[in-house]
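Undergrad: Take a look at the letters that make up each chain.
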Amino acid sequence: MVRGRNRSLFWAFAMTALGVALSIPAIYLPVDGFLGGINLANIVLRLCFFGVFFLLAAKVAAAYNSPSALALIRGPVGVTALMLSIAGLALTYVLSDTNGSSTGMSEFMSQPPMQAYRWFGKLYLVYVAAVLVVPTWRGAFCRGRVMERSAAFSMCLGFLLVCSTAVLQTLSDSLGLLVEVLSYSSILFVALGLALIWWSFLRNPVEK
Amino acid sequence: MTVAAKTFQQWLSSVAGSSSSASVCRAAGIKRSTLAQQLVRGRVTVATVVAVSRSLELPVVDALALFPEYADLSAGVARPTNAELLSQISDLDILAEILKRSPRAEPPDALLAVQLSPIPHRDSVRTWLDAIGPTDLRQRLARTTGIAPQNLSTQITANRLTPELAVASARIAGVGLTNGLVVTGVLSPSEAGWPSGERALMLRQTPTSALASLASTRLEYLSRTLKRAEQDDAAVQAVWENLG
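Taken in sequence, the protein lines are chains A and B.
For the first sequence, our numbering assigns the number 1 to the initial residue and increments by one for each residue that follows.
For the second sequence, our numbering assigns the number 209 to the initial residue and increments by one for each residue that follows.
Heads up, a few of these hints could be off.
One side of the interface only, derived from the structure: several residues of chain A facing chain B at Cβ under 10 Å [as the list claims (entries may be wrong)]: (1) Asn-6; (2) Ala-14; (3) Ala-17; (4) Ala-21; (5) Lys-59; (6) Val-60; (7) Asn-65; (8) Arg-74; (9) Pro-112; (10) Ala-116; (11) Phe-189; (12) Leu-192; (13) Leu-194; (14) Ser-200; (15) Leu-202.
Simulated from the structure, these hints should not be mistaken for laboratory data.
Cβ atoms here follow ideal geometry from the backbone N, Cα and C, with glycine treated the same way.
Model the full structure from these sequences, guided by the hints.
TA: In structure tokens:
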């Protein structure tokens, strides 16, 4: 069996792929139909993103040598935040009428519990992003090599955007396009940061 | 740092006559595109002037002095002070000299000429500035040349100093104007009029106690530099370990 390096990153990317796939109607509708047509697949999608953030965040906190951020994610506070978000998701899901597959549950957004459901789906992600802003900021603005610093800066920007998008959304709900642009660019910035690190790693292989 | 392209071209036609710029570049060992770019931008670097002068076997300092920015350079050539000479001896050469003088050392081999490592050494710029300087040298340098203090210290940490700053430092400290160009590696010691063998002589004449205290200062700084490098390296390793 081949055991690669950084297997938790692999799982994070695998879950990202699953989450993205479930955001596409052509995949979501058959999968959800298979699960009973009551939008359980949307729960799976949300849990996927929680898992991605949990794994990735611990890695980023360790990479930028920040024990406090690591404790805030792996420690009791972080686990409580995760559990709270999952419990909130489950509760609001049960309270809503979710019959009939609908990608992103967009058909049910008029129901008040669904609003809360969406909110709980964001809560943990925003918490994690907020925790990671500080260590990546430090990584970007302490001395070091340009490549590593720009990678950290890119991720920091991504996490900041996640937080600011959430703040904007709570302030006003008539910002459809802006929120969409911000959340997609936040993903791009985090991915760009990871890609830069991967590239610099490839250029300077670690001797084992 | 640079001289005006127009003046450079006038100088070049006066010294190189009719030879083409391609042959000048080839002889001087600089890329044609580099020179072309410098001419387009209107500023030619001191390094280019030095390379061309060397290839034409002209006295380098006198050639530089033909440019208005460096007009007083040849008049300002002076023997390096003792402190300057010591500052240009590398850490390892100082330590080797101390070891050689210790009672347990092998009897000196007279035939084996001691070869000091060439100028500049790893930390030439900083040790030179410390050797020539009044204590506020860096502040005065920043004030007179208008460079931001943090840019100046970045250059010094990287063991670099632009020719402009090197000459300005020498002027403030009142030492030979070309000495800064030697410690930054722009000029060779002999081009700047440093008598050969002077460093070795200085090293031999310095009492062991003075050498020991010099070595301890150097090692102190070396340990700080190494620690910083190790920390940076560990940070990069942590990033790769976790996200690579």
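Undergrad: Next, verify each hint and record whether it holds.
TA: Against the structure, the hints come out as follows:
For the restraint placing Asn-6(A) at the interface with chain B, the shortest Cβ-Cβ distance is roughly 7 Å, inside the 10 Å limit, so the hint holds. Nearest Cβ of chain B to the Cβ of Ala-14(A): about 16 Å, over the 10 Å cut. The hint is violated. Given hint, Ala-17(A) at the interface with chain B, is violated; its Cβ is 18 Å from that chain's nearest Cβ, farther than 10 Å. A cut of 10 Å between beta carbons decides the hint on Ala-21(A): the least distance to chain B is about 24 Å, and the hint is violated.
About 5 Å separates the beta-carbon of Lys-59(A) from the nearest beta-carbon of chain B, less than 10 Å, and the hint is met. Given hint, Val-60(A) at the interface with chain B, holds; its Cβ is 7 Å from that chain's nearest Cβ, closer than 10 Å. Contact between Asn-65(A) and chain B, as hinted, is supported at the beta carbon level, the nearest pair being about 5 Å apart and thus within 10 Å. Against a cut-off of 10 Å between C-beta atoms, the interface hint on Arg-74(A) is violated, since the closest Cβ of chain B lies about 13 Å away.
Annotation: interface hint on Pro-112(A) violated; nearest CB of chain B at approximately 40 Å, more than 10 Å. For Ala-116(A), the suggested interface contact is broken, since its CB lies about 34 Å from the closest CB of chain B, more than 10 Å. Of the supplied interface hints, the one on Phe-189(A) is violated, with its beta-carbon coming no nearer than about 15 Å to a beta-carbon of chain B, more than 10 Å. This hint is violated: Leu-192(A) has a C-beta 13 Å from the nearest C-beta of chain B, more than the 10 Å allowed.
The beta carbon of Leu-194(A) is positioned within 10 Å of a beta carbon in chain B (closest approach about 6 Å), and the interface hint is therefore held. Given the 10 Å rule on beta carbons, the hint for Ser-200(A) holds: about 8 Å separates it from the nearest Cβ of chain B. Hint status for Leu-202(A) relative to chain B: holds, with the closest Cβ pair at about 8 Å, below 10 Å.
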